Amino acid sequence: MRAGIIGVSALPVGRHEGESTDVLAAKVVQEAILDAGVSKAEIQAALTTPEGFTVRSSKIKAARQAEYLGLKLSSAAVIEMGGASSLIALKFLVREIEHGAVDLGLIYSTEVERHQWKLPEDLPTIAEINALYLPHDSLYGIMSATPYYAMSMQRYMHEYGVTHEEIAKVAVLLRKNASRNPLAQFTEPITVEDVLSSRIVSPPLHLLDCSPVSDGGAAVLVASEDYIKKNKKDAVFITGIGEAHDDSHFIPRTGSLTDFPAIRKATSEALESARRSLEQVDVAEIYGVFTSSELMTYEEMGFFSKGKAAEAVAAGDTAITGRIPINPSGGRLSLGHPFYVTPLLEIIEIYWQLTGKAGERQVKEPRVGIVQAEHGMMNGSIVLVLEV
Amino acid sequence: MTAPFGWPTWRDVDGVILEFLQRLKNREFSTTFCEKCGSTFFPPQSYCPDCLSNSVSWRKLEGKATLYSFTQIDRSFRFAAPDVIGLVEIEGVKGRVLSRIDAPLEELEIGMELEVDFLDIGDGYFLHQFKPVKMQASLSANMNE
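Keeping their order, the protein sequence lines are chains U and V. For the first sequence, counting from 1, position 149 maps to 149 in my numbering; every step adds exactly one. For the second sequence, counting from 1, position 68 maps to 68 in my numbering; every step adds exactly one.
Heads up, some of the hints might be wrong.
[Unchecked claim] Cβ pair distances, simulated, as ranges:
1) U:254 to V:109: 20 to 28 Å
2) U:159 to V:49: 20 to 28 Å
3) U:200 to V:66: 21 to 29 Å
[Unchecked claim] Covered stretches of chain U (in silico footprint by chain V; criterion: 3 or more residues with CB under 8 Å from a CB of chain V, positions within the stretch not fixed):
4) 152-166
5) 201-208
Simulated from the structure, these hints should not be mistaken for laboratory data. Keep in mind the model is a prediction, meaning the values are calculated, not measured. All C-beta atoms in this analysis are idealised placements derived from N, C-alpha and C, irrespective of residue type, glycine included.
Sequences are here, hints too, so could you generate the full structure?
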């Protein structure tokens with residue numbers, strides 16, 4: 001039994017400070033229900049993610065929000081696996097549908113981050129919530145993943161002789177794509193010079209090499225093929241899934257910091273289960289949180305050989321009109337990056353692309369799309385193949 | 001010994017981590033190795049990540065240390081910002097050491113040899129940090145070999 005996406009909804013990405021994640025959830029769920037043309041009472045499953053990355057998570061959130069939304073469910077949970085959470089949630093829903101346990105289910109995620117911190121009073125809270133590579137990072141004052149990605153970029157430049165100037169071009173392209181996306185957080189055009197002269201965050205990463213910490217929300221309704229046929233719905237089918245995790249968390253014990261085997265494995269598994277080759281993919285949305293990791297993801301997925309992605313971006317291969325359009329949404333760098341919501345925004349972009357609803361950034365008649373998400377420093381990855 | 005400032009309170013602070021801190025206090029940089037499969041790994045754990053045996057013992061880390069990669073954190077709260085952070089590889093050890101590097105960013109190069117050092121962070125705690133081996137010192141060391 002195949003599963004297909006029949007309705008979606010996404011909020012503009014940016015700041016939703018002061019808003020409630022419950023209210024935002026009601027908004028996206030209501031919009032997705034209208035988009036799919038279903039009734040709320042038909043929804044049997046609702047999987048979601050925590051409220052945000054920089055805020056405390058509440059317990060039994062799936063039940064509390066089901067009450068708020070008035071949903072009577074046979075399958076409900078909060079799924080947490082870092083940046084891959086909402087895509088892994090979607091995988092579980094697809095499995096429920098494939099097993100015949102659910103006919104119509106919902107994945108939603110709403111996220112409002114904390115953007116203002118007071119120093120030094122908030123330090124213990126920051127350490128408690130944000131330290132990642134425990135216990136050895138917080139002792140040195142490391143409170144985000146950025147320094148790890150910076151060290152990976154340092155190795156990438158060292159091992160493959162790629163310059164920052166070459167890497168920066170992907171940020172310029174993503175900004176151009178975002179200028180055509182009404183949901184995007186950053187739409188003003190930028191140049192390579194702007195990237196290189198932006199504030200240094202963690203060398204060699206500059207501010208415009210990094211995605212922002214954003215708020216956002218999205219919902220995706222997934223139905224069984226029987227339901228889709230019976231109710232005559234248009235759908236984008238999930239035809240392949242691959243998931244892989246290394247035995248590492250941020251810093252691999254062995255192997256290069258430029259080597260991400262989980263991405264390779266998840267991509268090949270997803271393509272194999274869809275009986276597709278990478279050459280048949282018409283459009284991709286990938287989880288690139290930094291310019292360097294974006295390019296390395298292109299390479300690990302197999303779109304380009306190692307060290308060659310920057311060159312391909314400069315040649316226009318990944319542009320909306322290019323050989324393989326990647327992140328037509330503007331990607332994490334310019335669409336914005338609400339951590340838990342991001343994989344749903346990726347799925348929704350591919351849904352719109354495959355159904356011809358992507359407006360000014362529409363790729364020409366795509367039939368096969370691919371979506372990738374990761375957690376840690378790409379130590380784990382999940383990949384979905386979507387088709388009309 | 002309680003956990004130092006900056007340590008998330010919700011996380012388990014197990015005996016091995018406290019022992020690691022105690023050894024740093026005694027100016028000893030060490031990790032655990034597995035008596036069963038022989039693996040020496042970092043960070044130290046009470047169970048071997050390779051074979052899940054809990055027959056682990058402590059070993060002082062004395063192998064050659066080299067700089068694998070490095071960066072700077074401009075908003076370091078613990079030390080004077082900016083602060084240099086690096087990943088150090090130690091011969092014979094599985095796992096890289098995340099550590100403060102006691103040198104200006106401009107003077108660092110991937111692959112350079114480092115030596116361990118200890119940093120007093122107050123309240124009776126010490127952290128490990130690394131600094132480049134002085135060129136002259138390493139030249140004379142080579143000549144003595």
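For each hint, the structure was consulted:
A beta carbon spacing of about 22 Å between residue 254 (chain U) and residue 109 (chain V) agrees with the range 20 to 28 Å that was offered as a hint. For the hinted restraint 20 to 28 Å between residue 159 (chain U) and residue 49 (chain V), the CB-CB distance of approximately 26 Å keeps it satisfied. Separated by about 25 Å at the C-beta atoms, residue 200 (chain U) and residue 66 (chain V) satisfy the suggested range of 21 to 29 Å. For the stretch 152-166 of chain U, the assignment as covered by chain V holds, since 4 residues bring a beta-carbon within under 8 Å of that chain's beta-carbons and 3 suffice.
Taking a C-beta to C-beta cut-off of 8 Å, the stretch 201-208 of chain U contributes 5 residues in contact with chain V, enough for the three needed, and the coverage statement holds.
The structure agrees with every numbered hint stated previously.
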